[in-house]
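**Student:** Chains A and B are the protein sequences, given in the same order. Per UniProt numbering, the very first residue in the first sequence carries number 1; after that it's consecutive. Per UniProt numbering, the very first residue in the second sequence carries number 1; after that it's consecutive.
Treat the hints as calculated values from the structure; they're not laboratory data. Be aware that a few hints might be false.
Straight-line Cα separation of at most 30 Å, DSSO-like style, residue types lysine-lysine; simulated pairs [said to hold, decoys possible]:
hint, chain 1, residue 1, chain 2, residue 2
1, B, LYS14, A, LYS15
2, A, LYS3, A, LYS84
3, B, LYS72, A, LYS15
4, B, LYS101, B, LYS73
5, A, LYS66, B, LYS30
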Amino acid sequence: MEKESLITSLKRIVKPYIQDEVAFVNLTKETDFINDLKINSANLVDIVLDLEDEFDIEIDNDAMEKMLSVKDAIKIIESKLAEK
Amino acid sequence: MIGNDVVDLAVAKKQSDWCRIGFLNKIFTKQEQYIINNATDSFKAVWLLWSMKESVYKVYCQQNNTRFFAPKKFVCTINNSQNTVCIDGTTYYVTSKISQKSIHTIASLTKEENITTNIFMLKNNSYTVQHNTVYNQLKSAISNKFNIPFDQLKIEKNNKGIPFVIHPKINSISMSHHGYFGAYAFS
Chain A
1 MEKESLITSL KRIVKPYIQD EVAFVNLTKE TDFINDLKIN SANLVDIVLD LEDEFDIEID
61 NDAMEKMLSV KDAIKIIESK LAEK
Chain B
1 MIGNDVVDLA VAKKQSDWCR IGFLNKIFTK QEQYIINNAT DSFKAVWLLW SMKESVYKVY
61 CQQNNTRFFA PKKFVCTINN SQNTVCIDGT TYYVTSKISQ KSIHTIASLT KEENITTNIF
121 MLKNNSYTVQ HNTVYNQLKS AISNKFNIPF DQLKIEKNNK GIPFVIHPKI NSISMSHHGY
181 FGAYAFS
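The shape of chain A in the complex, shown without the other chains (with noise of 0.2 Å):
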């Protein structure tokens, strides 16, 4: 899958769950979720499982652990998509 379309995916994704409009809008791959989207811990369970749901993969919990940043969620998704 192209990046572009993965960002885009992912980015549909965590939408409803942000509190930061500005950093949303301005996202990159350094965005973090926490700290520039805002979005609250227990909310980030609900996006590795809507994940799961869209690329039909397993995010296991070594995977979760490092599930900070939209550069660190794009690399989860890439690795499990390869194991596929």
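Position chain B relative to chain A; hints supplied.
**Tutor:** The following block gives chain B in isolation, referenced to the frame of chain A:
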């Protein structure tokens, strides 16, 4: 070293569906899920355990200058005399206040820490109001307790986003907000 976490129960109800398939299993151990499923109020049990994990996470991150997302690694034990959370072989002490509207948990590395803490209502639930009110409340509490001029106090954040105050009398600080509630703790 201390940490604290507040949950606005009305907001938690709207923000997260703890009954969602897979949700509990990503956060809670088998034993914790057993506690939740057998609690008279499962909803409150979810957020009590969550705030225990979050408050200890804040202590752990200060100790190790790190950030990660692994709620299941923080193993909660509910005990009538003292609730605890264990991670990496270290046990942390937690105390929670549960009201109709909120849950506030304070975590510490040792039982002997001299902790000052407070939970309060916020004017509204916008992020800016939450953030600024908690900062100012913490600063004025430190200022009052140690007789330090308010304007001389500066809450800073390190490269991992962990807040601190440089002052010989302050060992550790922690701030939390959720919905219409704010809280702080310092030692």
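**Student:** Return the numbers of the hints above that this structure violates; sort them in rising order.
**Tutor:** none
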